[in-house]
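Protein chains in written order, with our numbering: chain G, 1 to 275; chain H, 1 to 328.
Treat the hints as calculated values from the structure; they're not laboratory data.
A quick note: this is a predicted structure, and the numbers were derived from the prediction, not measured.
Among these hints, one or two may not hold up.
List of simulated lysine-lysine pairs, DSSO-like, C-alpha gap at most 27 Å [unchecked claim]:
no., chain 1, residue 1, chain 2, residue 2
1, H, Lys179, H, Lys204
2, G, Lys176, H, Lys65
3, G, Lys162, H, Lys87
Short, incomplete list of chain G residues facing chain H, as computed with Cβ under 7 Å [claimed, not checked]:
no., residue
4, Phe131
5, Gln168
6, Val172
7, Ala173
8, Gly174
9, Gly175
10, Pro187
In this text, a Cβ means the ideal position worked out from N, Cα and C, and glycines have one as well.
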Amino acid sequence: MRRLKIFITNKQTIIGLCILSVLLVFAIFAPVISPGDPLFSKGAPIQRPNKEHIFGTDNMGRDVWAMIVWGSRISMVFAFGAAGISLIIGVVLGALSGYIGGVFDDIMSRIFEVFYIIPRTFLIILMVAIFGSSVTLMVIIVGATIWPSNAKIMRAQVLTLKSRTYVQAAEVAGGKRLSILFRHVVPNGIGPVLSNSTLQMAQAVLTEASLSFLGLGDPSVASWGKILQAGQSHISSAPWLVIIPGIVIALMLLAFNLLGTALQMTLNIKQQLIE
Amino acid sequence: MGDIIVENLSKDYVLKTGFIKQLRGKAETVSAVNDVSLVINEGEVLGLVGESGCGKTTLGKMLVKIESASSGTIMIGDKNIVNIRRKELFDFRKDVQMIFQDPYDSLDPKMTVYDIVAEPLRYLKLAKNSEDMIEKIYEMLRLVELSPPEQYVNRYPHRLSGGQRQRVAIARALIVNPKFVVADEPVSMLDVSIRAGILNLLQKLNRENGISILLITHDLATARFLSHRIAVMYLGKIVELISSNKLMEMAVHPYTKLLLSSAPDLFADTSNRIEIKGEAASATAPPKGCRFSPRCNYAIASCFEKEPELTEIEKDHFVACNRVFERE
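Just chain G, same shape as in the assembly (with noise of 0.2 Å):
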């Protein structure tokens, strides 16, 4: 519990954890802090920001700071949906492939590496274009594409603690060896899987933002790709359609690296400091 310790008292933590909370705040009150639906004009067209509108308003009328807010939903969507399918497929097919061994590693890791080649923003513009566009579906493609890497991560640390004692003790003590797994190697070595689900998190806000500003987005959405896409032909007249959107974007990302890092400087923090 010390590590616990040490890891909410750093700075990154902290710091990634505040910028977080405000943005998850307006995800989750949205609705409260700026009513009515986002996508309707609310007067005219490219206002500078003023007292009616702070973050002025885009090329349809559209209130910036009502966009940016009901965007932080869709981004949380993609943060926590895409990463959260991405961990639950690269811990299970990662600790099985690792646990298992033999030919059955051999085949996963393949695998593992057919997924990581596969182009990703490529792939999603194609299902995109058959299925429509739509948030879930996004989601799920994003998640299904990028968790080989956690995959890998989980199978290099099932492979070294696979072999400790206390997984030889479970067995003496009667344990099937799928239940020792996921009660004793996963727990012990999730620690860098979920250091890369944060630096997912934000690969998943980047990829959304980058479709949105593609034209790629939900259309009945709100998203913060979408403002910059508004933006993007009034760059010279109008730059706050660009340079609000893209602030926020980046605070969101460094808030997910922040906490990255700091979870990783956490887990290598040598064991017997702790003990």
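Got chain G; can you put chain H on it based on the hints?
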């Protein structure tokens, strides 16, 4: 449960080699345990002594079925546990348990003492209900002298000392009420000051609960303190089997004598200490004939050719040496 009868038990590990070598059938094997036969009587403590890498831990792990045997049989009662079926393994685990060498590695760092000791009860479904489980665990912690148990159950292993950890490990092994326990160097990782406590505990368990113990150790003093009989192992083979009170005077195998003479003793006369030649041979290419021959001071030409059999030279005293009779 009866005696445990081990016959012609062997364990070979195949070394990982290159693809081409494997194709040409030249994969190297290590024979960790070679053709070992011995009996562990009910209620007995059998000491298994030998240097690092001689296969004593492998033998112990085969007896608790976390390592599979390459050939041979292990009979417990009328069951051969070498090819035991999954369903029977469940019952086997209730009778046979193991205490591991390193208490710093044998307890899951993410689990509390309570969960560690409860694990066998949960896996083997030995507790009727949660009150029964709590009662059993507290009773066991008191037995291994971790009392009051309330003070320990919620601790994680990193908040325990080495001796306390080993007591938790012993509690985990004994909670299922086993009839046979393999103790793999139970005190070698502990401070000298707390070794006696653990050894006394094991002795008490043997005397009062009648648990048979296979005590694996490289320390003759430990083995003599606890064991009724002692088996000396060298390079995967048993070279001498003798009752422990006869060990000092009656041991005849050159390797046993070497071990006895190299044990540190404050008052011993070091002038006639036996000198060791060379290093232990590699288990990938064991020497022809007697495995100890390259280091043996008594070896003659035939020792490099003929592998000695383990023979009974007097009651309950077995030796595997070609020159055991002529040398006297």
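Hints, verified against the model:
{"no.": "1", "hint": "H:Lys179 with H:Lys204", "in the structure": "14 Å, holds"}
{"no.": "2", "hint": "G:Lys176 with H:Lys65", "in the structure": "13 Å, holds"}
{"no.": "3", "hint": "G:Lys162 with H:Lys87", "in the structure": "24 Å, holds"}
{"no.": "4", "hint": "Phe131", "in the structure": "42 Å, violated"}
{"no.": "5", "hint": "Gln168", "in the structure": "5 Å, holds"}
{"no.": "6", "hint": "Val172", "in the structure": "5 Å, holds"}
{"no.": "7", "hint": "Ala173", "in the structure": "4 Å, holds"}
{"no.": "8", "hint": "Gly174", "in the structure": "4 Å, holds"}
{"no.": "9", "hint": "Gly175", "in the structure": "5 Å, holds"}
{"no.": "10", "hint": "Pro187", "in the structure": "5 Å, holds"}
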